[in-house]
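> Once you've looked at the hints, dock chain W against the given chain H.
Going down the list, the sequences are from chains H and W.
When the count follows our numbering, it moves up by one through the first sequence with no breaks and lands on 1350 for the last residue.
When the count follows our numbering, it moves up by one through the second sequence with no breaks and lands on 1350 for the last residue.
Don't take every hint at face value.
Below, in silico cross-link-like pairs of lysine-lysine (DSBU-like), each with a Cα-Cα straight-line distance of 35 Å or less [unchecked claim]: (1) W:Lys1220 <-> W:Lys1163; (2) H:Lys1256 <-> W:Lys1256; (3) H:Lys1220 <-> W:Lys1144; (4) H:Lys1243 <-> W:Lys1277; (5) H:Lys1315 <-> W:Lys1243; (6) W:Lys1243 <-> H:Lys1243; (7) H:Lys1163 <-> W:Lys1315; (8) W:Lys1243 <-> H:Lys1144.
In case anyone wonders, no lab produced these hints; they're calculated from the structure.
Below, each chain spelled out in residue letters.
There are 2 protein chains.
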Amino acid sequence: MKNKNGNTVPEKNIERLLLYRRILANLRREKKTAVFSHQLALMSDASPAQVRRDFMLIGYFGSPVRGYDIDQLIQSINEFVDAQEVQKVTLVGVGHLGRAILNYFQGRSDKLAITAAFDRNPEKVGRVLHGIHCYPTERIQEIVKAEGIDVAIITVPESEAQDVADRLVQAGIRGILNYAPIKLNLPPEIFVDNRDMLLAVEKIAFFARRRIRKESVS
Amino acid sequence: MKNKNGNTVPEKNIERLLLYRRILANLRREKKTAVFSHQLALMSDASPAQVRRDFMLIGYFGSPVRGYDIDQLIQSINEFVDAQEVQKVTLVGVGHLGRAILNYFQGRSDKLAITAAFDRNPEKVGRVLHGIHCYPTERIQEIVKAEGIDVAIITVPESEAQDVADRLVQAGIRGILNYAPIKLNLPPEIFVDNRDMLLAVEKIAFFARRRIRKESVS
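So that you can see chain H by itself, here it is in the shape it has in the complex (with noise of 0.2 Å):
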């Protein structure tokens, strides 16, 4: 489902080490201040060996005895994966999906801001949705361009988002989490991920059985 050309830091490490900060952060809010990489293991379905060579990959090394200092651990995974200034992202189709997004957003990260949004729907265009403006979608390769954005978020219905996602790349976009259900035809360079909710129902859904089936015979 994704591109990875060029990339030297394996996706896997980056997805448990934001996720692990995740972690982290819930525990700090808890007034917790250490945490052992086998408890980290049990939070993040990693196994310890993996929480201890994730953080080698990033340069710090917990103490045996005390555990890791979560406010240091915090630092460290910031440091790694965190832009120095304020990264924009964009988001392309302003229905329900786009804004639950633009929504969910709002307030959670103080490196990442959804700066515009954009939609084809004329009722939707110049007014302002949870905080963000919505410019038309023909306006993409002028506004992100000025912005200097570089992330995208695709919420438009499967026939627009290549259209959508060739002017994106088009005005610079590197980066593409993709919620339409289709294959985007993309330059390999930009690296997309694919978000495709009915195959997410349906892996859940062939597990969820093969447990009642399970159990039924056991």
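Frame of chain H, contents of chain W only:
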């Protein structure tokens, strides 16, 4: 992110089989009748050897000369991954994300059907949204049991997600697609897939940025 206890078929194989099926259905719509493993590999970002292994897993072997027969292949995947009867799904949390999913599901699968939705907002309860009746959250256990639903999609805010998940498990749900950005505490036999939109964007932002840096120095 997922619980793998007791699954004899690895998740990754199922994910790929579901993706091949999606691609094959698109090829069929374009009036194509056969496909080679290297073509499918290219379209699914797998290797040709992986594609062939996945099809061996479901007992399907193609012709080295004419490729795989698309109709037969879809049929074989269907037999492997689908339930014999329609599998029922419920969705809890009919906000923007919930509505996007209800809308997206309409008429898209003949093997998976969302048959009930739940929300705690009295303004939504009792209404039919995108063709689905919305019940109060308190009735999860009663309705899910009565309908024989075994898969759930959680689209409530994170503060409500654990309570909803507990109700769903008590009602007999075996698989959960969780869009709330928290790790749910659930019995190990429940299959859970967490979809955190911010984590997804954070990952893309990381790789998008690295590519820009790479270009700027080359």
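> Now tell me, hint by hint, if it's right for this structure.
Here's how the hints hold up against the structure:
Proximity of Lys1220 of chain W to Lys1163 of chain W is assessed by CA-CA distance (about 31 Å); at most 35 Å being required, the pair is judged to hold. A threshold of 35 Å between alpha carbons decides the hint, and for Lys1256 of chain H with Lys1256 of chain W the separation of about 24 Å falls inside it, so the pair holds. A C-alpha spacing of about 32 Å is found between Lys1220 of chain H and Lys1144 of chain W, which places the hinted pair at or below 35 Å, so the restraint holds. For the hint pairing Lys1243 of chain H with Lys1277 of chain W, the CA-to-CA distance comes to about 44 Å; that exceeds 35 Å, so the pair is violated.
For the hint pairing Lys1315 of chain H with Lys1243 of chain W, the CA-to-CA distance comes to about 22 Å; that is within 35 Å, so the pair holds. A hinted pair counts as satisfied when its Cα atoms are at most 35 Å apart, and Lys1243 of chain W with Lys1243 of chain H does not qualify at roughly 41 Å. With a C-alpha separation of about 18 Å, the suggested pair Lys1163 of chain H and Lys1315 of chain W falls inside the 35 Å cut-off, and the hint holds. Distance hint between Lys1243 of chain W and Lys1144 of chain H is fulfilled; the C-alpha atoms sit about 31 Å from each other, no more than 35 Å.
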